[in-house]
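**Student:** Each chain, written out:
2 protein chains.
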Amino acid sequence: MSLLAIGTVAFDAIETPFGKTDKILGGAATYIGLAATRFVKNVNVVSVVGGDFPESYLTMMQNRGINTDGIEIKKDEKTFFWSGRYHNDMNTRDTLDTQLNVLESFKPIVPESYKDCEFLMLGNLDPEIQKQVIESLPNRPKLIVADTMNFWMDIKLEALKETIKLVDVLSINDEEARQLSGEYSLVRAAQKIMAMGPKYLIIKKGEHGALLFNQNEVFFAPALPLEEVFDPTGAGDTFAGGFIGYLAQSKDISFGNMKRAIIFGSALASFTVEKFGTERIESLTEEEIDVRVKQFVDLVQFDIELENSL
Amino acid sequence: MSLLAIGTVAFDAIETPFGKTDKILGGAATYIGLAATRFVKNVNVVSVVGGDFPESYLTMMQNRGINTDGIEIKKDEKTFFWSGRYHNDMNTRDTLDTQLNVLESFKPIVPESYKDCEFLMLGNLDPEIQKQVIESLPNRPKLIVADTMNFWMDIKLEALKETIKLVDVLSINDEEARQLSGEYSLVRAAQKIMAMGPKYLIIKKGEHGALLFNQNEVFFAPALPLEEVFDPTGAGDTFAGGFIGYLAQSKDISFGNMKRAIIFGSALASFTVEKFGTERIESLTEEEIDVRVKQFVDLVQFDIELENSL
Chain A
1 MSLLAIGTVA FDAIETPFGK TDKILGGAAT YIGLAATRFV KNVNVVSVVG
51 GDFPESYLTM MQNRGINTDG IEIKKDEKTF FWSGRYHNDM NTRDTLDTQL
101 NVLESFKPIV PESYKDCEFL MLGNLDPEIQ KQVIESLPNR PKLIVADTMN
151 FWMDIKLEAL KETIKLVDVL SINDEEARQL SGEYSLVRAA QKIMAMGPKY
201 LIIKKGEHGA LLFNQNEVFF APALPLEEVF DPTGAGDTFA GGFIGYLAQS
251 KDISFGNMKR AIIFGSALAS FTVEKFGTER IESLTEEEID VRVKQFVDLV
301 QFDIELENSL
Chain B
1 MSLLAIGTVA FDAIETPFGK TDKILGGAAT YIGLAATRFV KNVNVVSVVG
51 GDFPESYLTM MQNRGINTDG IEIKKDEKTF FWSGRYHNDM NTRDTLDTQL
101 NVLESFKPIV PESYKDCEFL MLGNLDPEIQ KQVIESLPNR PKLIVADTMN
151 FWMDIKLEAL KETIKLVDVL SINDEEARQL SGEYSLVRAA QKIMAMGPKY
201 LIIKKGEHGA LLFNQNEVFF APALPLEEVF DPTGAGDTFA GGFIGYLAQS
251 KDISFGNMKR AIIFGSALAS FTVEKFGTER IESLTEEEID VRVKQFVDLV
301 QFDIELENSL
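So the protein sequences, as listed, match chains A and B.
By the UniProt record's numbering, the letter at position 79 of the first sequence is numbered 79, and the numbering carries on one by one without gaps.
By the UniProt record's numbering, the letter at position 266 of the second sequence is numbered 266, and the numbering carries on one by one without gaps.
Same shape as in the complex, but just chain A (with noise of 0.2 angstroms):
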């Protein structure tokens, strides 16, 4: 196996009623990276930093197995950075500040030593750079897996649709499938989105779970119930870097695989949204992931049988 993820590299400061944070490693490969090395080592990371990146956030993601070759360093530009607040329900959140910078100009380049990759996870990034690094790679992968959001649904649909038509997974949550298919209900708008393209879709619900559909199949993930949510961000890159990690350690994408997949990114979502950042995801140990993954399993199972045999 080998596992290419793409995605944003970035500082984020984030308030939540429980507190505020000043700039901390953030991003969607960076959340994708930390989870995926829990199943897999040398996660290869494609990506771009500014001079004011700090060389420590890169060495800590070395040592935890992701492969920073491909993490381009622009030394006279500035890091990308993100800034939001939270409300009071932790599902909702307001964008406070944007600042591109680096990935104004962002041209994905894949060294060389990555492009032999056989699943390949496509963080929320501009659909058009999605497709450029699908096309840049001399081989298909095993398995595209590709999230994205209502910003490039709101300004480069076509774009979007283009890239959706060339992935096997797409990673969306519950309004965007409602915004991208035009269906309220959600069994409606699987249908219309895997007809796009992806044999596969998971509508992300946030404290409500996760839904994965293919054609004749639907699967139910629940969030755990937690005390306290203490900070969402990076909950869905953590739980899109889970799972396909767990999917490139078995290389197994059979349906059964995959509800195995979701669970382990359930869990690990789970444990990103206990403190700010990277912090908890940073210094899991594999006995916690594994308590985790029992508390999902006692949480949804039920023994039941049903008289006549179906």
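You may find that some hints are simply not true.
Estimated spans, in silico, between C-beta atoms of each pair [to be verified]: (1) V187/B <-> G256/A: 29 to 37 angstroms; (2) N88/B <-> L58/A: 41 to 49 angstroms; (3) I304/B <-> E305/A: 18 to 26 angstroms; (4) Q191/A <-> D116/B: 48 to 56 angstroms; (5) H87/A <-> D298/B: 31 to 39 angstroms; (6) F151/A <-> K294/B: 36 to 44 angstroms; (7) N216/A <-> N88/B: 26 to 34 angstroms; (8) K294/B <-> Q191/A: 15 to 23 angstroms; (9) Q215/B <-> V291/A: 13 to 21 angstroms; (10) D298/B <-> E128/A: 35 to 43 angstroms; (11) A195/A <-> N88/B: 48 to 56 angstroms; (12) E305/A <-> E305/B: 19 to 27 angstroms; (13) G51/B <-> D298/A: 51 to 59 angstroms; (14) F18/A <-> M196/B: 22 to 30 angstroms.
These aren't lab readings, by the way, just hints derived from the structure by calculation.
Just so you know, even glycine gets a beta-carbon here, dropped at the ideal spot from N, CA and C.
Given the coordinates of chain A, assemble chain B onto it according to the supplied hints.
**Tutor:** Showing chain B alone in chain A's frame:
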């Protein structure tokens, strides 16, 4: 087992984005009874209707296994009437009209033949009336389940707390759990509410499923992703009726069996929302229920082996 259900038997007039009804059969006890009789026959219902209540509705209820002897008919008064309009999301609604009519002076009279009940379902009603019913029984039932709503939290909170003290299982929705506890986190809300008396708490989250808590465990049942939610009226009462009916049939009130009861209740509720009013739940077959329950199993089942034996 004997199962006693108390609640409204009513007329509803419903508007949804898909259409509207004239006055049709509704009421908490109606849905509870129609659901519970899927599991146990002779569900004893205590309620009140007016002289305008059609005999044919009572006959239908009797044919479905509901004992209507406890439904008082006040010939010179009118049946409780509720009218509401659902918004596009089908999760929120406006009440257009409420005519209490017979409910205004409702003093539930539990027939002698009903009094030795093992399972008691208190449908949403004035908490003082719910308490009177509990106190009118010579022996405490094996299990008391109560439903309530934000309306009573707004105007009769102290009385509601007195009633809650006496019940085993409280069933409310997520917003009501937050209102009753003053906690946003449902985990914290559940702890606070169980400290008020109930050993078990069910938090209904509509299209997002339901949670069952006791002091040490939590179980999550999803709602089935449906192509269309046609009319949510009665879904919560159907769920409650299925829940207590299943428990009464199996005479097992362990947490493990409550999980199964939640799944059966959710399955029945998923039918209720497919058509207006009681139409769908009236005509259900055993096999349809089993097929639906199997869909719940398929929706959430996954198979993970953890390396550490936890």
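**Student:** If a hint holds in the structure, say so; if it does not, say that too.
**Tutor:** Evaluated hints:
Distance hint check for V187/B and G256/A: the Cβ-Cβ separation is about 30 angstroms, which falls inside the suggested range of 29 to 37 angstroms. For the hinted restraint 41 to 49 angstroms between N88/B and L58/A, the CB-CB distance of approximately 48 angstroms keeps it satisfied. At about 22 angstroms, the CB distance of I304/B to E305/A agrees with the hint of 18 to 26 angstroms. Between Q191/A and D116/B, the C-beta spacing of about 52 angstroms keeps the proposed range 48 to 56 angstroms intact.
Checked against the hint of 31 to 39 angstroms, the pair H87/A and D298/B passes, with Cβ atoms roughly 36 angstroms apart. In this structure, F151/A and K294/B meet the distance hint of 36 to 44 angstroms, their C-beta atoms being roughly 40 angstroms apart. The beta-carbon spacing between N216/A and N88/B, approximately 28 angstroms, falls within the hinted interval of 26 to 34 angstroms. Between K294/B and Q191/A the beta carbon distance is about 21 angstroms. The supplied range of 15 to 23 angstroms therefore holds.
Separation of Q215/B from V291/A is about 20 angstroms and conforms to the stated range, judged on CB atoms against 13 to 21 angstroms. Checking the proposed 35 to 43 angstroms range against D298/B and E128/A shows it holds: the Cβ atoms sit about 38 angstroms from each other. Distance hint check for A195/A and N88/B: the Cβ-Cβ separation is about 23 angstroms, which falls outside the suggested range of 48 to 56 angstroms. Restraint check, E305/A to E305/B: a C-beta distance of roughly 22 angstroms satisfies the suggested window 19 to 27 angstroms.
About 53 angstroms separates the C-beta atoms of G51/B and D298/A, a value consistent with the hinted range of 51 to 59 angstroms. Evaluation of the 22 to 30 angstroms hint for F18/A and M196/B yields a pass: the beta carbon distance comes to about 26 angstroms.
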